[in-house]
Structure formats: structure tokens, C-alpha cells
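Sequence lines, in order, name chains F and P. Using the numbering used here, the letters of the first sequence correspond one by one to residues 1 to 273. Using the numbering used here, the letters of the second sequence correspond one by one to residues 1 to 344.
Derived by calculation from the structure, the hints in this document are not laboratory data. Where hints are given, some of them may not hold.
[To be verified] If the Cβ cut is set under 10 Å, some of the chain P residues that face chain F in the computed set are:
hint: 1; residue: Met79
hint: 2; residue: His89
hint: 3; residue: Asn91
hint: 4; residue: Leu100
hint: 5; residue: Arg103
hint: 6; residue: Pro106
hint: 7; residue: Val248
hint: 8; residue: Thr250
hint: 9; residue: Gly253
hint: 10; residue: Val256
hint: 11; residue: Pro257
[To be verified] Stretches of chain F that chain P covers, calculated by requiring three or more beta carbons in the stretch to come under 8 Å of a beta carbon on chain P:
hint: 12; region: 158-170
hint: 13; region: 180-186
Here a beta-carbon is modelled for each residue, glycine too, at the ideal position from N, C-alpha and C.
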Amino acid sequence: MARTLAATRIDWVGVAFAVVLTIVIVFPLLVVGTWAFAEVWRFPALIPQQFGLRFWNQTLARADVWEALRTSLSLSVMVTFLSALICLPAAYAFARLKFPGRDILFFSFLVGHAFPKFGLLVAIAAIFLQLNLIGTFWGVVLIQLVGTLLFMIWIPVAAFQSVDRRMEEAARDVGAKPLRVFWSITLPQAGPTIAAAVLLSFVGTFYETEGAWLIGAPAVRTMPVLMISFINNQMVIQYGAVLSVILWVPSFVALLFARRVIGGGAFARGFGG
Amino acid sequence: MSVLEITDVSKIFGAVRAVDSFSLNVADGELVCLLGPSGSGKSTLLRMVGGFERPSSGRITIDGEEITHLPPEKRPTGMVFQSHALWTHMNVFKNLAFGLKLRRLPAGEIKDKVEAVLELVGLAGYGTRMTHQLSGGQQQRVALARSLVLEPKILLLDEPFASLDQHLRERLREEVRDIQQRLRITTLFVTHGQDEALALADRIVVMRDGKTEQADRPDVVYREPRTPFVAGFIGTMNLVEGIVSNGVFTRSGFSVPLAAADGPATLAVRPEALELTPSASAGQAKVHRVTDFGTHGLVDLELPDGARLKAMVGHPQMFSNGQSVDLKPTAIAAYRDNALIHRS
Chain F
1 MARTLAATRI DWVGVAFAVV LTIVIVFPLL VVGTWAFAEV WRFPALIPQQ
51 FGLRFWNQTL ARADVWEALR TSLSLSVMVT FLSALICLPA AYAFARLKFP
101 GRDILFFSFL VGHAFPKFGL LVAIAAIFLQ LNLIGTFWGV VLIQLVGTLL
151 FMIWIPVAAF QSVDRRMEEA ARDVGAKPLR VFWSITLPQA GPTIAAAVLL
201 SFVGTFYETE GAWLIGAPAV RTMPVLMISF INNQMVIQYG AVLSVILWVP
251 SFVALLFARR VIGGGAFARG FGG
Chain P
1 MSVLEITDVS KIFGAVRAVD SFSLNVADGE LVCLLGPSGS GKSTLLRMVG
51 GFERPSSGRI TIDGEEITHL PPEKRPTGMV FQSHALWTHM NVFKNLAFGL
101 KLRRLPAGEI KDKVEAVLEL VGLAGYGTRM THQLSGGQQQ RVALARSLVL
151 EPKILLLDEP FASLDQHLRE RLREEVRDIQ QRLRITTLFV THGQDEALAL
201 ADRIVVMRDG KTEQADRPDV VYREPRTPFV AGFIGTMNLV EGIVSNGVFT
251 RSGFSVPLAA ADGPATLAVR PEALELTPSA SAGQAKVHRV TDFGTHGLVD
301 LELPDGARLK AMVGHPQMFS NGQSVDLKPT AIAAYRDNAL IHRS
């Protein structure tokens with residue numbers, strides 16, 4: 001009897017969390033999503049008076065939207081690629097090797113996230129100005145690279161550290177040289193978690209706004225920067241809403257990919273779970 | 001002829017001498033168990049033979065060829081790890097075929113070899129299974145097969161059954177012994193389980209603090225332990241500290257004739273070598289507890305000064321708690337300064 005009562009007791013804390021999450025995350029998304037498909041929505045109506053795709057047609061007909069989408073995608077691909085190229089060998093070294101200053105260097109990757117980001121960006125922008133990198137594609141690549149370092153170092157380090165050393169030793173034992181061990185054993189074992197880090201870097205770069213705006217604008221305009229200018233400069237709220245819905249696509253695709261290919265456990269392992 | 005020769009090998013980690021001037025020769029087809037408590041250096045020694053640790057000094061040869069400084073992939077050894085260390089992203093077949101592919105064998109030969117070794121370890125038809133679909137015992141068999149398929153000169157087993165339950169452990173160790181004898185493969189086996197060592201080994205090397213305490217056949221190690229440490233570590237042993245005076249060992253009313261010079265000594269008596277007779281008077285000891293195992297009984301005894309002894313008896317129902325008994329050892333050994341001074 002007591003068990004039945006316990007089993008049917010309502011988890012009020014859980015319900016409270018669900019309500020708060022719905023209000024904070026789902027409700028704004030719902031409102032923005034509705035705005036994107038609303039042609040007429042006047043106060044105090046709870047639902048739009050007229051739905052339609054007029055603003056989608058108008059938004060997608062704009063050349064600057066497609067240009068921004070191309071810029072955002074090429075920036076995200078380039079930043080993620082460079083970040084992986086630089087960070088993965090470094091992460092392996094942090095995970096497997098002992099060298100002087102290892103711990104300090106490892107924690108230094110947190111620094112970029114330990115202080116107000118905008119101040120750091122302004123300081124970097126001043127340096128970039130001297131180097132003629134302001135308003136250039138590579139200037140934005142460099143600034144966005146800084147933002148990915150944390151994910152691309154810390155998560156792969158955890159991934160490499162969680163690979164059982166005995167597995168690597170067993171591979172050496174059957175005749176594999178160190179490079180072959182890394183390629184055939186370590187990387188496949190750490191792969192899902194590293195893929196999660198790459199995914200987070202890609203999505204994080206795609207949505208990065210402050211660096212792209214400060215270093216890139218007005219010559220280099222990414223989707224989020226364009227969305228901000230739409231919201232600031234256009235009195236029609238639907239333009240911003242349509243762009244916002246378009247911006248959901250990468251994270252939605254990424255989440256589907258993560259769920260099907262990587263598995264939720266990879267994220268947990270990456271964060272030490 | 002010795003296949004494996006370990007000569008004066010030491011391994012120093014910082015201030016710790018994990019292995020200390022250790023020497024051992026292992027004959028062709030012999031199964032040698034390295035037995036000792038945690039920290040005795042047995043796993044470090046095995047890892048040095050496998051190439052996973054570099055000796056601080058000394059020499060290791062296999063078939064007369066020095067391998068001391070060769071990396072693991074160049075040694076003719078095969079290691080089975082305690083944690084199985086199977087590659088979880090590969091199925092059973094790929095786990096076994098990996099080493100053969102590195103040797104660039106033709107695909108047909110790889111398939112034949114893998115299937116033959118799977119048959120040998122009783123896992124025929126399991127090639128397509130992923131390792132997580134196997135039980136602990138099956139995983140350990142795959143780990144063994146992965147080493148055997150490469151036909152190593154020396155098989156190294158690092159506490160391979162430690163993570164398995166008692167029943168499975170006993171079954172697997174019999175299987176391993178069968179396979180080892182069928183293949184006549186020279187084997188170095190690390191364990192801290194004395195039962196495992198006694199059941200499996202042609203020879204047991206008891207290790208302590210990185211050194212050999214005794215290296216002998218299992219029956220010799222059991223019946224004739226050379227040091228009190230070996231006596232206490234192998235099987236159940238009563239170790240009683242006392243004094244030898246005029247050819248008699250005495251401890252709190254318990255005395256035994258002992259042909260040794262006067263002085264302190266440690267008397268070693270197996271429970272099965274301690275006969276009990278009920279005493280009408282105070283007796284040499286009192287029964288503290290009687291445990292009936294069905295086939296035999298174990299009687300816990302207490303000497304007048306509180307020292308405890310164990311005796312194995314055929315009829316435990318003859319004894320009861322608090323009963324006075326006299327003790328008559330039928331086989332004893334005595335030690336002084338870590339050396340044997342008497343056996344009878």
C-alpha cells in the first residue's frame with residue numbers, strides 16, 4: 001500500500017522544473033515560431049489573425065540572407081576544422097603526456113570564459129586593427145576560434161583520458177605500433193565524444209554573434225549578425241522571426257545527428273559524467 | 001631448456017623498489033604462477049616481460065634472445081589482462097583478427113586461424129557478436145583467444161579471473177590449464193589467489209617486496225614453506241610465537257619438543273596437523289568456536305594468554321564451546337630470523 005502511494009505521489013519539484021523550463025525555453029520559441037508564420041497578429045489576440053508565408057518569401061528573396069548563410073556556414077566549417085586540427089593533438093598531449101606547465105596551460109583555456117567576453121573581444125579587436133584583420137573573413141575565423149578552444153580541448157581531453165590504457169596496451173601486445181594504436185583503438189574509442197565536441201564547436205560558431213559583429217561587421221555579416229540588424233532596423237518583427245527559425249535548423253540537425261550517431265552518453269563522458 | 005630467463009631484474013618507481021634483483025628461469029611448456037600479496041611486484045614483473053614497463057636494471061631473454069628493451073609489439077609474448085581489455089568497437093572476430101592483419105596474413109588464413117582458436121576456447125560461432133553482448137567469462141575467453149591466435153612463445157596472464165565470480169573462476173582456470181597443456185605453451189601467470197596458484201601451477205614463485213620468498217612445486221610450497229611469510233600466505237597456517245628452551249618450544253602452556261638452539265622461534269602448524277583430545281583437567285587450550293562444514297569441522301582454540309589457533313577435525317560434534325582440550329601437533333616447522341630451523 002505504502003509502495004503504491006509512493007509510486008503515485010506527484011513529483012512537485014519535477015513539475016515545477018518542467019513548468020519553469022517551458023516558460024523560459026519553449027514559450028519564447030513558440031512565440032517566435034508563430035510570428036514567423038503570422039501575417040497579421042494584433043494585440044490582444046492570443047493567436048494570429050492571419051497565417052501565411054509572405055514574410056518567408058520576402059526574406060528568402062533577399063540576396064543578403066543567402067550571403068549571410070553562406071558566410072556563416074563557411075565560417076563554421078573553417079573554424080571547426082582549424083579548431084580540430086589544433087586542439088585534438090593538444091588534447092591528446094594533455095591527456096596522455098606529462099610535461100612542465102601542463103596543468104597551468106590546461107587551465108589557461110578556461111581564461112577566455114572566465115572574464116566578461118566583450119572586454120576580451122575589444123582588446124583583441126584593437127590588436128586585429130593593427131594587423132588589418134578587422135572586417136575580414138580570417139579575422140572572424142580567428143576570433144571565433146578562441147571561443148571553441150574550451151570545448152575542443154576539455155571535452156577531447158576527457159575523451160582520451162576515459163580510453164582504457166589496457167586497450168591500448170593490448171593493441172601494442174598484438175603488434176600495433178603507437179600510431180596504429182591511436183588510429184585503430186584510441187580514436188574509435190574516443191570518437192563519439194570527440195564528435196560531440198566538434199558538433200558543439202560547429203553549432204557554437206554558427207550562433208556566435210559578438211565576435212563576428214565586432215570584428216566582421218559590416219563587411220562580413222553572419223546570420224546572427226544579420227538577424228540583429230533586421231530586428232534593430234526593420235519595424236516588421238516577422239523578418240527577425242523568420243531568420244530566427246532558419247537559425248534553428250543547424251542546431252536541430254546537430255541534435256538529430258548527436259542522438260542517432262553519437263548517443264547522449266558521449267556528451268556526458270565529455271563533461272566527466 | 002629455459003625459454004624465459006629473467007636475470008637480476010629490478011624496477012624502481014621513485015623511492016620504491018617494486019622488483020628487487022629478481023631472477024627466474026621458466027622451462028619450455030611450464031606454467032609458473034607468480035603469487036604474492038598486493039604490492040609484492042608480481043604484476044610489475046609480468047609487465048616488464050610483456051614490455052609495458054622498462055626494467056631499471058637486469059636482463060630478460062626469450063629463447064636466448066635479449067628482449068629487455070624491445071617494445072611490446074616486437075616481443076613474442078601474448079598478454080591477457082585482468083580487465084579483459086577487449087576493443088569494444090570491434091566484434092569478436094575483429095578483436096582476434098587485428099593482430100593477424102598487422103602481420104599481413106591472407107584473409108582466408110586469418111579466418112581459419114580465428115575460427116580454430118574460437119573453437120579452442122569454446123566460442124565457435126561467436127565471431128559476429130559485439131563484446132558487450134558476452135558474459136564476463138566469455139569476454140575473458142575472447143581475451144585469451146586474442147593472445148593464443150598469434151601463437152606467442154610466452155603467454156602472460158595478469159590475474160585474468162580476478163573480476164569473475166568464484167564458480168566461473170574455478171571453471172575457467174581448469175579450461176585454461178587444459179588449453180595450456182594441450183598447446184604446451186610456456187605461461188607466466190600472476191595471481192594473489194593461493195587456490196588458483198595451487199590448482200594451476202607447475203611451479204609457484206611466492207613474491208614479497210619484489211623478491212622471491214620461495215620458488216617450488218605447489219605441493220612443496222604448501223608442505224615445506226621456507227619462511228614464515230610463505231607458511232602464512234599459502235593455505236591456513238597457525239603461526240605461534242614462543243620460546244625454545246632445552247629442546248622444547250613453549251607458548252602459554254602449549255609445549256612441543258623442538259630440536260633447535262634456545263631462543264625465540266615461530267612455530268608453524270597446519271590446522272589439519274593439529275590433533276585435539278578432550279581434557280578432563282584445565283588442558284592446553286579452550287575451544288572458542290566450532291564450525292561444522294559437513295565433511296569436516298574447524299575448531300577455533302584459545303591458549304591461556306589469548307593466542308588463537310585453528311584445528312581441523314573429522315568429528316566437530318565431539319567438541320563444544322568452552323571445552324578444555326590438549327593439543328598434539330603431528331607435523332611442525334619452526335622459524336627464527338625468517339629462516340627455517342626445524343621441520344618434523
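Hints and how they fare:
{"no.": "1", "hint": "Met79", "in the structure": "holds, 5 Å"}
{"no.": "2", "hint": "His89", "in the structure": "holds, 4 Å"}
{"no.": "3", "hint": "Asn91", "in the structure": "violated, 13 Å"}
{"no.": "4", "hint": "Leu100", "in the structure": "holds, 8 Å"}
{"no.": "5", "hint": "Arg103", "in the structure": "holds, 6 Å"}
{"no.": "6", "hint": "Pro106", "in the structure": "violated, 17 Å"}
{"no.": "7", "hint": "Val248", "in the structure": "violated, 55 Å"}
{"no.": "8", "hint": "Thr250", "in the structure": "violated, 53 Å"}
{"no.": "9", "hint": "Gly253", "in the structure": "violated, 54 Å"}
{"no.": "10", "hint": "Val256", "in the structure": "violated, 50 Å"}
{"no.": "11", "hint": "Pro257", "in the structure": "violated, 54 Å"}
{"no.": "12", "hint": "158-170", "in the structure": "holds (count 5)"}
{"no.": "13", "hint": "180-186", "in the structure": "holds (count 3)"}
When the structure is compared with the earlier hints, violations turn up for hints 3, 6, 7, 8, 9, 10, 11 and for no others.
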